[in-house]
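Peer 1: With the hints as extra help, turn the sequences into a complete structure.
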Amino acid sequence: MSLLTRRKQRDQLLHLTLKLSALVSIISLFAIILFLLVESWPMIESTAISQYFFAESWHPTNGEFLLLPMIVGSLLIMAGAMLLSIPIGIFTAILWQFYAPRWFSTLLERMVEVLSGIPSVVYGFWGIVVIVPLLAVYQAPGTSLLAGIIVLTLIVLPTITLVANSTFQQIDKHYIQNAIALGLSRFTIIRHVIFPQAKRGLLTGVILQAGRAIGETLAVLMVCGNVVQLPGSIFEPVRTLTSNIALEMAYAMDMHRSALFLSGLMLMLVVLSLVLISEKLKQQGNNL
Amino acid sequence: MIHLPSDHSLADRLLKFTSWFCGLLLFTFFIYLFFDIASRGFSHISFEFLTDPPISAGRAGGIAPMLVSTLLLLALCLLISLPIGIASAIYLAEYTNEQQWFARIIQTNLNVIAGVPSIVMGLFGYAFFVVALGLGFSIIAGSLTLACMILPLLIRNIENSLRNIPNEYRINATALGLSKFRTIFQILLPMAARGILLAVILSIGRAMAETAALLYTSGYVTRMPESILDSGRSLSVHIFDLSMNVPGGEQNAYSSAFTLIVMLLIINLITLGLSRTIHKRSV
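Residue numbers (our numbering), protein chains in the order written: chain A, 88 to 375; chain B, 842 to 1124.
No lab work stands behind these hints, which were simulated from the structure alone. Treat the hints with care, since some could be wrong.
Unchecked claim - Stretch-level coverage of chain A by chain B, calculated; a stretch enters the list once three of its residues show a Cβ under 8 Å from a Cβ in chain B:
| # | segment |
| --- | --- |
| 1 | 109-121 |
| 2 | 179-192 |
| 3 | 211-225 |
| 4 | 241-248 |
| 5 | 298-304 |
| 6 | 312-322 |
This one's a predicted model, so the numbers in the text were calculated from it and none came from an experiment. For glycine and all other residues, C-beta sits at the position ideal for the given N, C-alpha and C.
Peer 2: Laid out in structure tokens, this is it:
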């Protein structure tokens, strides 16, 4: 009998330990938000958030915190990169699934898998030595919004392609077989049978990648020029929220530091809402 | 891949053309990137490059301290995150199902952590590990930050490999009177061993690519780290610094990028091999 109770105790102890370690991840998210809040509190408390949009300029040492150019910069770069990478990624996945010979698709898939693992800093470096000089030929200085968009596209494109590809793979094969049996043409099947089913999966993947794109820091910092301004054209330099943190954190004091943490908190909230939206979409998809 | 009947309509030809165009665009772009980095990076790689300390801020010399720092960061990061990762994954896979609210909260929570921008994770690491815990710019602070970042990836992959074990094993173990403790440690974990290894390797790849989170946690001193409380510059931070702050550091940046990519390629090959054998075994 004592053996049995010991066994039971051991099982209970195990259950407790496991449950506690599962709590670690919850605690760490809590800690992340808490620390960002605490560090940015002086800024939240002392100045109106409207300062971010209506101050004269970004001169943190003089108490001017106009964050608008960085917010616009981040959004423009993200939007540009998504606009380029979504169609290229989806069309490439369509190519792999329906048009290309199998060996070519497999080869390309392996390659893109490797590419999705390459550090973004390598893409950033490559952007500096290859893409920026190329753009500078058209219009100096080369470090610009466009360079940022191109580099960010290269960074998110592999993952978007892989996500689109696996979404197409997960489609119920019965529908496709029935469509073939009905004698529908290839284009009709792709457009009216496969695409509608893949739509939700594609959207979920794209939303998550948008979160990744807006959070990308160093690669964008390396090629964008980092001038605080509202860009007049895609050839002008911009600065993003993330690069602003990376550039100024090293010497930021007091209110300035607090302002940087607050912009981090804002990024965090954007990503949080994107993740929650994609979860909601996934859930709705499961309930259908 | 399903073979669809061919079609000669204009719409189909247009779609075919567009998708070939996009696919080939991607193909050429990345072939260019590969060969550019390989050809310009490889020429400078030598035994000395891997074993020498950098000279004049990295313009000359090698990358030995960065390699050591990178390896230290990875090892410590795994040491911290693996026990928590395995335990959380066992809890999720063996004690909960997807419908329970607690499990759902943990899953959402993991998805959010996985999405936290790395610079924001770096801010947190700086405020918490570096300043609040007083660890300073150190390898241990960097590892703790990295551990937070890879935990979701680790947990999700290990959880999946546990869920892929057929339920008969659990039922049979219970029927034989095995305790939950023994079922987990003597049956389920050994069966999931390959999956766990795969998860670890994937996480190493992710951690090795990380840069922004390390900038303000493990610092960017180029010295050889003497202990885990020393600041250490990872290879990825080295590439960043060489290309941004060191005029004339381009050649060594190419070589460092090449080294990093080769390391990642090796990881990729191992992953591919492992996932193939897992697939074979489960068939």
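Peer 1: Go through the numbered hints given earlier and state which of them the structure violates, listing their numbers in rising order.
Peer 2: 6
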